[in-house]
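> Residues per chain, in single letters:
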Amino acid sequence: EDQVTQSPEALRLQEGESSSLNCSYTVSGLRGLFWYRQDPGKGPEFLFTLYSAGEEKEKERLKATLTKKESFLHITAPKPEDSATYLCAVQSGGSYIPTFGRGTSLIVHP
Amino acid sequence: EADIYQTPRYLVIGTGKKITLECSQTMGHDKMYWYQQDPGMELHLIHYSYGVNSTEKGDLSSESTVSRIRTEHFPLTLESARPSHTSQYLCASTSHGNQPQHFGDGTRLSIL
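Chains A and B, in that order, are what the protein sequence lines are. Sequential numbering of the first sequence, starting at 1, is according to our numbering. Sequential numbering of the second sequence, starting at 1001, is according to our numbering.
Hints are supplied without guarantee of correctness; some may be wrong.
As the list claims (entries may be wrong) - Once the Cα atoms are required to be at most 30 Å apart in a straight line, the calculated DSS-like pairs of lysine-lysine come out as: (1) B:K1017 / A:K69; (2) A:K59 / A:K79; (3) B:K1017 / A:K42; (4) A:K42 / A:K63; (5) B:K1031 / B:K1057; (6) A:K59 / B:K1031; (7) A:K42 / A:K59; (8) A:K79 / A:K69; (9) A:K69 / A:K57; (10) B:K1031 / A:K68; (11) B:K1031 / A:K57; (12) A:K57 / A:K79; (13) A:K79 / A:K63; (14) A:K63 / B:K1018; (15) A:K42 / B:K1031; (16) B:K1017 / B:K1031; (17) B:K1018 / A:K42; (18) A:K42 / B:K1057.
Unchecked claim - To spell it out: a stretch of chain B is covered by chain A in this simulated footprint if at least three of its residues, at any positions, have a beta carbon under 8 Å from a beta carbon of chain A; those stretches are: (19) 1040 to 1051; (20) 1094 to 1108.
Unchecked claim - FRET-style restraints, in silico, Cβ to Cβ: (21) B:G1040 / A:K59: 20 to 28 Å; (22) A:A10 / B:S1067: 36 to 44 Å; (23) B:R1108 / A:N22: 25 to 33 Å.
Bear in mind the hints are in silico, worked out from the structure with no lab data behind them. For every residue, glycine included, the Cβ atom is placed at its ideal position computed from N, Cα and C.
Turn these sequences into a full structure, and let the hints guide you.
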């Protein structure tokens, strides 16, 4: 059974204070690891897909990395508008059902 | 710009009523999903579909049913709403298993 654990559950940062969110996973044959951003009252919004260990993706202040056991979402010099819940999900081979983590709630104070 | 639409966005209704939550997507995706999400909790899969006339139950038994008569439309029906059904319901779609899901903005359902 695929499992995804995200840490920390909640993170408070000052504007400009860089940090990382963790997504640890166990999966039988990784087909893809996905990062989403979810704002209150909205559905998750896709950020990145990572397919193999060593892969990295960047978008503005966000950078996602992947190893065989975990993925990190690095946030560089965050701004208050980066406040949201960040979800991680994995897709295993032979399945069209992704497994989601509980998310990390990020609050960036001005 | 949303390519997947859910209606209504909010619904407050009494116990025992029959409810249908609508979900439509314009991307031509074969695979569609319904999730239930409570605050601070992970998404729980309720139902999914791999194409027209294909529907399966997910891990969470929510006493609901779905239909997939057209590719773009995947409604969720609660035959008799109960307070335990109070939650946010999210609809999603994707084209392939290794592609990300596209989500609607959800329906927040409150059963009195």
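> Hints first: check each against the structure and report whether it holds.
Structure-based check of each hint:
For the given pair, K1017 (chain B) sits about 46 Å from K69 (chain A) by alpha-carbon distance, which is inconsistent with the 30 Å threshold. A hinted pair counts as satisfied when its Cα atoms are at most 30 Å apart, and K59 (chain A) with K79 (chain A) qualifies at roughly 14 Å. Restraint check: the Cα-Cα separation between K1017 (chain B) and K42 (chain A) comes to about 25 Å, which is no more than 30 Å; the hinted pair holds. Taking the CA atoms of K42 (chain A) and K63 (chain A), the gap is near 23 Å; set against the 30 Å cutoff, the hint holds.
For a cut-off of 30 Å, the pair hint linking K1031 (chain B) to K1057 (chain B) stands: about 14 Å separates their Cα positions. For a cut-off of 30 Å, the pair hint linking K59 (chain A) to K1031 (chain B) stands: about 27 Å separates their Cα positions. For the hint pairing K42 (chain A) with K59 (chain A), the CA-to-CA distance comes to about 21 Å; that is within 30 Å, so the pair holds. Simply put, K79 (chain A) and K69 (chain A) have alpha-carbon atoms about 29 Å apart, close enough for the 30 Å limit, and the pair holds.
The suggested pairing of K69 (chain A) with K57 (chain A) holds, with an alpha-carbon distance near 17 Å, which does not exceed 30 Å. Annotation: proposed proximity of K1031 (chain B) to K68 (chain A) holds, straight-line Cα distance about 27 Å (limit 30 Å). Of the supplied pair hints, the one linking K1031 (chain B) and K57 (chain A) holds, its CA atoms being roughly 26 Å apart against a limit of 30 Å. Between K57 (chain A) and K79 (chain A) the alpha-carbon distance is near 19 Å, which keeps this suggested pair within the 30 Å criterion.
Proximity of K79 (chain A) to K63 (chain A) is assessed by CA-CA distance (about 15 Å); at most 30 Å being required, the pair is judged to hold. Annotation: proposed proximity of K63 (chain A) to K1018 (chain B) is violated, straight-line Cα distance about 45 Å (limit 30 Å). The straight-line distance between the Cα atoms of K42 (chain A) and K1031 (chain B) is roughly 21 Å, inside the 30 Å bound, and the hint therefore holds. Proposed proximity of K1017 (chain B) and K1031 (chain B) is supported: the alpha carbons are some 29 Å apart, at most 30 Å.
The suggested pairing of K1018 (chain B) with K42 (chain A) holds, with an alpha-carbon distance near 25 Å, which does not exceed 30 Å. Under the criterion of a C-alpha separation no larger than 30 Å, the hint pairing K42 (chain A) with K1057 (chain B) is consistent with the structure, at around 24 Å. For the stretch 1040 to 1051 of chain B, the stated coverage by chain A holds: 7 residues have a C-beta nearer than 8 Å to a C-beta of that chain, and at least 3 were required. Judged by the Cβ-Cβ criterion of 8 Å, the stretch 1094 to 1108 of chain B is covered by chain A as claimed, because 12 of its residues qualify and three suffice.
Range check, G1040 (chain B) to K59 (chain A): about 26 Å between beta-carbon atoms, so the 20 to 28 Å window is met. Taking the beta carbon of each, A10 (chain A) and S1067 (chain B) are about 39 Å apart, inside 36 to 44 Å as hinted. At roughly 29 Å, the beta-carbon separation of R1108 (chain B) and N22 (chain A) lies within the given 25 to 33 Å, and the hint holds.
Of the numbered hints stated above, those contradicted by the structure are hints 1 and 14, listed in ascending order.
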